[in-house]
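With the hints as constraints, model all of the structure from the sequences given.
Counting from 1, position 172 in the sequence shown corresponds to residue 174 in the numbering used here; the numbering is continuous, with no gaps.
Read the hints as simulated data drawn from the structure, not as lab findings.
Glycine included, each C-beta is placed from N, C-alpha and C at the ideal position.
Hints may contain errors.
[Claimed, not checked] Straight-line Cα separation of at most 27 angstroms, DSSO-like style, residue types lysine-lysine; simulated pairs:
(1) Lys196 to Lys179
(2) Lys197 to Lys179
(3) Lys122 to Lys17
(4) Lys31 to Lys6
(5) Lys196 to Lys17
[What the hints assert, rightly or not] Using C-beta positions, here's what the derived DEER-type ranges look like:
(6) Asn32 to Thr52: 16 to 24 angstroms
(7) Ile205 to Glu4: 44 to 52 angstroms
(8) Asp140 to Asp13: 42 to 50 angstroms
(9) Asn20 to Asp45: 16 to 24 angstroms
(10) Asn32 to Leu183: 33 to 41 angstroms
(11) Arg190 to Ile166: 47 to 55 angstroms
(12) Phe24 to Ser195: 26 to 34 angstroms
(13) Asn20 to Ile184: 29 to 37 angstroms
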Amino acid sequence: MEQKILQHLSDYLVKEDNQDIFTCTVESKNIIHVMSTLKYNKDLLFKQLTDICAVDYMQYGQAEWTTTDATSTGYSRGVKSQSHGRIKFSNDIEDERMTNRFCIVYHLLSISNNFRIRIKTHIKSDIPSIPSITSIWDAADWYEREAYDLFGISFDGHPDLRRILTDYGFIGHPFRKDFPLIGNTQVRYDPESKKIIYEPVDIEPRVLVPKVIREK
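Right under this line is the structure:
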């Protein structure tokens, strides 16, 4: 089956070394052609879209907090209490992790061939956008809305691209690595105005590292 896939899409796919599932990468500009071929080609017939997810490779391979100190209460502060809870990373730095910061991952199933494939495509972080595949699989609708909501990735051609998990007044995209751990706003009910209000978050930002206690 792998040979059939590469035979039909050899000009578009690059095979990755992956042991759990057959995985290929494709340029985002070719995603519609590749997905259409995978679904409708009579030798392939990947009729089922099982999942779409996104990955943020910002700070990939870097420890978010590293510390050897412990407090008397059994926890260590991984970051300074004045920080926002995440290591800041400049978007101006020319780094491969920023050039290909976001990755969209598709999982497809060919029931007739009993075969699964993973398709990955990297997109730039300055204006993260990629063509929508809702015209090929209706199931892509909510998956793409989820990636838009949590990562801020736009899917061009999506019929109704809006948030699906966070609230209407939510600021930012919570699965991005530079999103503050404490968030940007908090919600509460105001008894005086008798309505739900949004206000700046007043939680003290911190990261806790459990202390390991070993018997002597």
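Now the hints, each set against the structure:
1. For the hint pairing Lys196 with Lys179, the CA-to-CA distance comes to about 35 angstroms; that exceeds 27 angstroms, so the pair is violated.
2. Pair hint Lys197 plus Lys179 does not hold up; C-alpha atoms about 32 angstroms apart against a cutoff of 27 angstroms.
3. Note on Lys122 and Lys17: the hinted pairing holds, with a Cα-Cα distance of about 10 angstroms set against a maximum of 27 angstroms.
4. The straight-line distance between the Cα atoms of Lys31 and Lys6 is roughly 22 angstroms, inside the 27 angstroms bound, and the hint therefore holds.
5. Pair hint Lys196 plus Lys17 does not hold up; C-alpha atoms about 58 angstroms apart against a cutoff of 27 angstroms.
6. Judged by the Cβ atoms, the range 16 to 24 angstroms given for Asn32 and Thr52 holds: they are separated by roughly 21 angstroms.
7. About 50 angstroms separates the C-beta atoms of Ile205 and Glu4, a value consistent with the hinted range of 44 to 52 angstroms.
8. The given range of 42 to 50 angstroms is broken by Asp140 and Asp13, whose C-beta atoms sit roughly 28 angstroms from each other.
9. One distance hint, 16 to 24 angstroms for the beta-carbon pair Asn20 and Asp45, holds here, with the actual separation near 22 angstroms.
10. One distance hint, 33 to 41 angstroms for the beta-carbon pair Asn32 and Leu183, holds here, with the actual separation near 36 angstroms.
11. Our hint of 47 to 55 angstroms for Arg190 and Ile166 is violated, since their Cβ atoms are close to 23 angstroms apart.
12. Separation of Phe24 from Ser195 is about 56 angstroms and departs from the stated range, judged on CB atoms against 26 to 34 angstroms.
13. Look at Asn20 against Ile184: about 36 angstroms separates their beta carbons, and that is inside 29 to 37 angstroms.
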